[in-house]
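Just so you know, the protein sequences line up as chains A and B, in that order. Going by numbering that gives the first Met the number 0, the first residue of the first sequence is number 0, and it counts up by one from there. Going by numbering that gives the first Met the number 0, the first residue of the second sequence is number 0, and it counts up by one from there.
These are calculated hints, taken from the structure and not from any lab test. Think of the CB as a built atom: it goes at the ideal place given N, C-alpha and C, for glycine as much as any other residue. Among these hints, one or two may not hold up.
To be verified - Within a straight-line C-alpha distance of at most 27 Å, the following computed DSSO-like cross-link-like pairs (lysine-lysine) qualify:
| # | chain 1 | residue 1 | chain 2 | residue 2 |
| --- | --- | --- | --- | --- |
| 1 | A | Lys326 | B | Lys380 |
| 2 | B | Lys474 | A | Lys337 |
| 3 | B | Lys213 | B | Lys380 |
| 4 | B | Lys213 | B | Lys121 |
| 5 | A | Lys326 | B | Lys474 |
| 6 | B | Lys474 | B | Lys43 |
| 7 | B | Lys42 | A | Lys326 |
| 8 | B | Lys121 | A | Lys337 |
Said to hold, decoys possible - Ranges between beta-carbon positions, derived for each pair:
| # | chain 1 | residue 1 | chain 2 | residue 2 | range |
| --- | --- | --- | --- | --- | --- |
| 9 | A | Trp223 | B | Met459 | 24 to 34 Å |
| 10 | A | Glu4 | B | Lys43 | 24 to 34 Å |
| 11 | A | Ile309 | B | Ala126 | 12 to 22 Å |
| 12 | B | Asn176 | A | Val307 | 51 to 61 Å |
| 13 | A | Asn145 | B | Asn176 | 31 to 41 Å |
| 14 | A | Val149 | B | Glu171 | 51 to 61 Å |
| 15 | A | Arg320 | B | Ala452 | 30 to 40 Å |
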Amino acid sequence: MGLQEFWFILIAVLFVGYFVLEGFDFGVGMLFPVLGRTDTRRRVMLNTIGPVWDGNEVWLITAGGALFAAFPDWYATLFSGFYLPLLLILVALILRICAIEWRGKIDDPTWRSRCDIGIMIGSWVPAVLWGVAFANIVRGVAIDENKKVVSGFFDLLNPYALLGGATTAIVFALHGAVFLALKTSGEVREDAVKLAARLSIPTVVVAGAFVLWTQLSFGKGWTWILVAVAAAALLGVVALTAVAREGWAFVLTTVAVIATVALLFGSLYPNLMPSTIDEAYNLTIYNASSSPYTLKVMTWAAVFMTPVVIGYQAWTYWVFRQRISTKQIPPSIGLPLKTR
Amino acid sequence: MDALDVSRWQFGITTVYHFILVPLTIGLAPLIAIMQTMWVITKKDHWYRLTKFFGKFFLINFALGVATGIVQEFQFGMNWSEYSRFVGDVFGAPLALEGLVAFFLESTFLGLWIFGWGRLPKLVHLATIWLVAIGVNASAFFIIAANSFMQHPVGARYNAERGRAELTSIWELLTNNTALAAFPHVVAGALLTAGTFVAGIGGWSMVRSMRRAKEATDLAVAAEHESTARTMFRPVTILALWVMVASGVGLAITGDIQAKLMFEQQPMKMASAESLCHTETGADFSILTVGTQNNCENITQLISIPGLTSFLANGDPNSTLQGVTELQAQYEEQFGPGNYKPNLFVTYWTFRAMIGWAAGSAVLAVVGLWMTRGGRVPDKKWFGWLSLLAIPTPFLGNSAGWVFTEMGRQPWVVHPNPTGVDQIRLTVDQGVSDHPTSLVVFSLIVFTLLYAALGVVWFMLIRRYAIAGPSDHDKHPPGDEEEPEEPGEPKQLSFAY
Numbered sequence: 000m001g002l003q004e005f006w007f008i009l010i011a012v013l014f015v016g017y018f019v020l021e022g023f024d025f026g027v028g029m030l031f032p033v034l035g036r037t038d039t040r041r042r043v044m045l046n047t048i049g050p051v052w053d054g055n056e057v058w059l060i061t062a063g064g065a066l067f068a069a070f071p072d073w074y075a076t077l078f079s080g081f082y083l084p085l086l087l088i089l090v091a092l093i094l095r096i097c098a099i100e101w102r103g104k105i106d107d108p109t110w111r112s113r114c115d116i117g118i119m120i121g122s123w124v125p126a127v128l129w130g131v132a133f134a135n136i137v138r139g140v141a142i143d144e145n146k147k148v149v150s151g152f153f154d155l156l157n158p159y160a161l162l163g164g165a166t167t168a169i170v171f172a173l174h175g176a177v178f179l180a181l182k183t184s185g186e187v188r189e190d191a192v193k194l195a196a197r198l199s200i201p202t203v204v205v206a207g208a209f210v211l212w213t214q215l216s217f218g219k220g221w222t223w224i225l226v227a228v229a230a231a232a233l234l235g236v237v238a239l240t241a242v243a244r245e246g247w248a249f250v251l252t253t254v255a256v257i258a259t260v261a262l263l264f265g266s267l268y269p270n271l272m273p274s275t276i277d278e279a280y281n282l283t284i285y286n287a288s289s290s291p292y293t294l295k296v297m298t299w300a301a302v303f304m305t306p307v308v309i310g311y312q313a314w315t316y317w318v319f320r321q322r323i324s325t326k327q328i329p330p331s332i333g334l335p336l337k338t339r
Numbered sequence: 000m001d002a003l004d005v006s007r008w009q010f011g012i013t014t015v016y017h018f019i020l021v022p023l024t025i026g027l028a029p030l031i032a033i034m035q036t037m038w039v040i041t042k043k044d045h046w047y048r049l050t051k052f053f054g055k056f057f058l059i060n061f062a063l064g065v066a067t068g069i070v071q072e073f074q075f076g077m078n079w080s081e082y083s084r085f086v087g088d089v090f091g092a093p094l095a096l097e098g099l100v101a102f103f104l105e106s107t108f109l110g111l112w113i114f115g116w117g118r119l120p121k122l123v124h125l126a127t128i129w130l131v132a133i134g135v136n137a138s139a140f141f142i143i144a145a146n147s148f149m150q151h152p153v154g155a156r157y158n159a160e161r162g163r164a165e166l167t168s169i170w171e172l173l174t175n176n177t178a179l180a181a182f183p184h185v186v187a188g189a190l191l192t193a194g195t196f197v198a199g200i201g202g203w204s205m206v207r208s209m210r211r212a213k214e215a216t217d218l219a220v221a222a223e224h225e226s227t228a229r230t231m232f233r234p235v236t237i238l239a240l241w242v243m244v245a246s247g248v249g250l251a252i253t254g255d256i257q258a259k260l261m262f263e264q265q266p267m268k269m270a271s272a273e274s275l276c277h278t279e280t281g282a283d284f285s286i287l288t289v290g291t292q293n294n295c296e297n298i299t300q301l302i303s304i305p306g307l308t309s310f311l312a313n314g315d316p317n318s319t320l321q322g323v324t325e326l327q328a329q330y331e332e333q334f335g336p337g338n339y340k341p342n343l344f345v346t347y348w349t350f351r352a353m354i355g356w357a358a359g360s361a362v363l364a365v366v367g368l369w370m371t372r373g374g375r376v377p378d379k380k381w382f383g384w385l386s387l388l389a390i391p392t393p394f395l396g397n398s399a400g401w402v403f404t405e406m407g408r409q410p411w412v413v414h415p416n417p418t419g420v421d422q423i424r425l426t427v428d429q430g431v432s433d434h435p436t437s438l439v440v441f442s443l444i445v446f447t448l449l450y451a452a453l454g455v456v457w458f459m460l461i462r463r464y465a466i467a468g469p470s471d472h473d474k475h476p477p478g479d480e481e482e483p484e485e486p487g488e489p490k491q492l493s494f495a496y
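Turn these sequences into a full structure, and let the hints guide you.
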């Protein structure tokens, strides 16, 4: 295996990490209006991801940096070509970060509900748009001979990509519901279990359609395995959520996310972004990569650092492994909205 | 205005905004780590209260710093795609390393620090904030190494076939003398910022507590206020004042080293910073000029110090320095026709503003150390106000310094290295993405409005928490009362969003 193949896989791994970990973060935020009927319940939900969401988000930043370092032309074409969707994602992420961190700083219902809106926008928008973006990457966009995307914003909203957006949204919502069932106890858990069971069936339909469409239009022989894994995992989730086995259900939603992202990257390989104008303009891992030296240096860094990062992140999850219930939420220590 | 100008404005606005928040994070993390260490060592509750008190500012600030930082990671590709193609092979490496080594560290361990009170053993919990402090400083190192490549490209060759710069030595890239000078300068600036922030809030709170003690009719209340001023705010203010002194000295030394490098590597930047329009021997240091903005022919020197610029450049007051006009002629011959002059007005005044704003901190440091000498606790109202007024000055100085550094390298986005590879250079118009102007105007408006709104909230929160003072909730550390060992009865979380 060459270094270009290795980096293609490593970037896939970084995005898998991002979607698995931020997937339930987004899901938690998306489900605020459904499961968070009272302020205390919303705080329970928020605090299941409290210590980890920031570290989870760094998977995206590092994936962006790795894209820049390993495939600069992909980085340049993708981010200048998907300008508006990326702008929307960035705005949503900015709102979400500030809303999560500042929500408890002021003890006032108006303040909190504004922050909750920020958290919901910040969870829904990326959950949909990442699916749209990745579906378009796999499908290909109009790339000209200068490696520039020449198609407009509305070309990105084709049926396949919209189905991709629906898929990431519903899968993340389910992933989040199962995560909440796993991380809470009491009333929040009961409702999360019920919601996960109800969400699992439409998820099988939507995600199943997207996965099948991807496989039939862009897949390879071996990627049928991933289709089968994703399908089996999602069916397993249906069964497990019906009997409230959220631990195993979470393992399976994770497997489903991994299999789906792997299917997208597997269908793409060895392209990075196919061109719908002419195959000769495709960005591939060979014509868009960095020099062998850069790839070698970055490989050393990744081989040493990735296990360390996974190690301490896993430890964080272990430290905060306890379930949270409404009884454990302390009274707000925020300041009042107005100075006396 | 075309897409190039709008893209430059957008990058400038978003970066300056980001760097209002970043120095406070970089400087405050080690200061809070020191406060917490003092608590662990001395076991005095007021160090715990201070850690929690300044920790709140740190978190309020960190959130917006992260939020604005994410934009930076993607903006290169969005607006500067041709630049990204040209330098990605080199520039991407420190960016990826920053994510892998620093961002993961700081974000993960900050989560552990915020939520780990009373849940992690004391020493492990102390280690988490130190790791955050290391992480934020490591990230500064990597991004400055990346920026220094743009100012002084090293460790790369030019690949003519691909038309791009390619990394040849990561070691040379990370030990770029420009980076080794810029990094301590930035860290010293960050420590000055955080030191002034802590001393400012500490000094103001100290005066307020003393005045409350005077005004109180109840003797017990008066004693408590005075004890707060004396045992809590005074030591932390003095700590911060000494951090300011040390970082101020550090700034001057590293600034001087940087200036010497700049005369060598980017003579045009320094010539325009000094309004040195023509080559001179024994060049004076200009303190005040008047004249038509950005026009060499119309500048009149009013006040200047003889020979100082030459001395700063080479350690010799009689050395010869090249002027803007001669450098322009030289560059035209070297790189073809074009305007190679930065905006003289901006470079001249930002350089002076950078140094001038540091005076705000210097005044507070000197006055503060005098006012607190020998066990004194000041209660003068003017000292409280001086403390508050000093807080914004290092922020302004940091911004001015970066505007000078970045606008001084115009028109280059990758400045040619006089002793490096000739073809590794790029002007900003060659680096920008090919977008319609309207698209970039749209994103510029979105970012500017969003950042402005969040900036207002950020300021409001910082102000409210400063006025509120240390919370009564944090009077005693968690773990003082008996707690059930895990896993036992579920207890309330010591911290929850």
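The hints, checked one at a time:
no., hint, verdict
1, Lys326(A) / Lys380(B), "violated (46 Å)"
2, Lys474(B) / Lys337(A), "holds (23 Å)"
3, Lys213(B) / Lys380(B), "holds (13 Å)"
4, Lys213(B) / Lys121(B), "violated (37 Å)"
5, Lys326(A) / Lys474(B), "holds (23 Å)"
6, Lys474(B) / Lys43(B), "holds (11 Å)"
7, Lys42(B) / Lys326(A), "violated (31 Å)"
8, Lys121(B) / Lys337(A), "violated (36 Å)"
9, Trp223(A) / Met459(B): 24 to 34 Å, "violated (56 Å)"
10, Glu4(A) / Lys43(B): 24 to 34 Å, "violated (58 Å)"
11, Ile309(A) / Ala126(B): 12 to 22 Å, "holds (19 Å)"
12, Asn176(B) / Val307(A): 51 to 61 Å, "violated (30 Å)"
13, Asn145(A) / Asn176(B): 31 to 41 Å, "holds (36 Å)"
14, Val149(A) / Glu171(B): 51 to 61 Å, "violated (38 Å)"
15, Arg320(A) / Ala452(B): 30 to 40 Å, "holds (37 Å)"
When held up to the earlier numbered hints, the structure conflicts with 1, 4, 7, 8, 9, 10, 12 and 14 and fits the remainder.
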